[in-house]
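Just add 4 to the spot in the sequence shown (first one is 1) and you have our numbering.
Keep in mind that the hints were calculated from the coordinates and are not lab data.
Each hint should be verified, as a subset may be incorrect.
Taking lysine to any residue pairs in the SDA-like style, the calculated list, with each CA pair at most 20 Å apart, reads [as the list claims (entries may be wrong)]:
hint, residue 1, residue 2
1, K55, E45
2, K55, D133
3, K55, D118
4, K55, D121
5, K55, T123
6, K55, T93
7, K55, L94
8, K55, A13
9, K55, T99
10, K55, E32
11, K55, D85
12, K55, M38
13, K55, R41
14, K55, V26
For clarity, every value in this text was computed on a predicted model and none was experimentally measured.
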Amino acid sequence: MLAPQRQQAILERVRRSGGVRVADLVRELGVSDMTIRRDLEALAERGLLEKVHGGATINGPGSTEEPGFAAKSMRQQPEKDAIARRAATLVRPGTAVALSAGTTTWTLAHHLVDVPDLTVITNSIPVADVFHRSPRADRTVVLTGGVRTPSDALVGPVAVAAIRRLHVDTLFLGVHGMSTRAGFTTPNLLESETDRELVASAHRLVVPADHTKWGTVGISTIAELSEADVVISDANLPEEARAELAERAGELIIAEETK
């Protein structure tokens, strides 16, 4: 097992139980005590868990806690890829789409690089970079200006002004959390304002969000659940969440992971 795979397994174990012991991980993963401690150190440096004596725990996110892009990109990778693959099937050649910031929308960008005659609006530096690295003569990418956040989003008055006069067929909105009470949320107030402008610019709102987003609440609401035309999540989405989203959103799609 490669280090990234092992670290992902450790993260999943922590999230299921709330904490892990080094001794248990050594036994379960069949590696040395030192290897596990290095993995925990690497994960702690990325802000994904907290090291404690003899193991590690993970803290639930606060309403204003905003992990960096690198930290978020390690989480739920198979689920995000399945969601992104399904989301990409909603994009037709010759249309204009907007992708907000986030690691799921960044994953989606990789599945859109071969779509012809596409116009892409984004306030995400990593998303724009995906298209920049796979250029096409028939594609236009517009990157808004603005103030850069820890998740590499461009937000604030400059971004809002750039988006205000635009109109897109579909917005793929990355979110920090979603809940019945708070809707789709973000921990960054400026990002919320920018995302609301993106929502207003779109004919169709698609929210690609993995199961861990359910029940997480950021400080600011971007949109209510009922404003989403489509929500795409993964097979681990709880039944309670499925029922709420099926009732409130236009359509709930569960993306299956490829074998």
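Hints the structure violates: just list their numbers, smallest first.
When the structure is compared with the hints, numbers 2, 3, 4, 5, 6, 7, 9 and 11 turn out to be violated.
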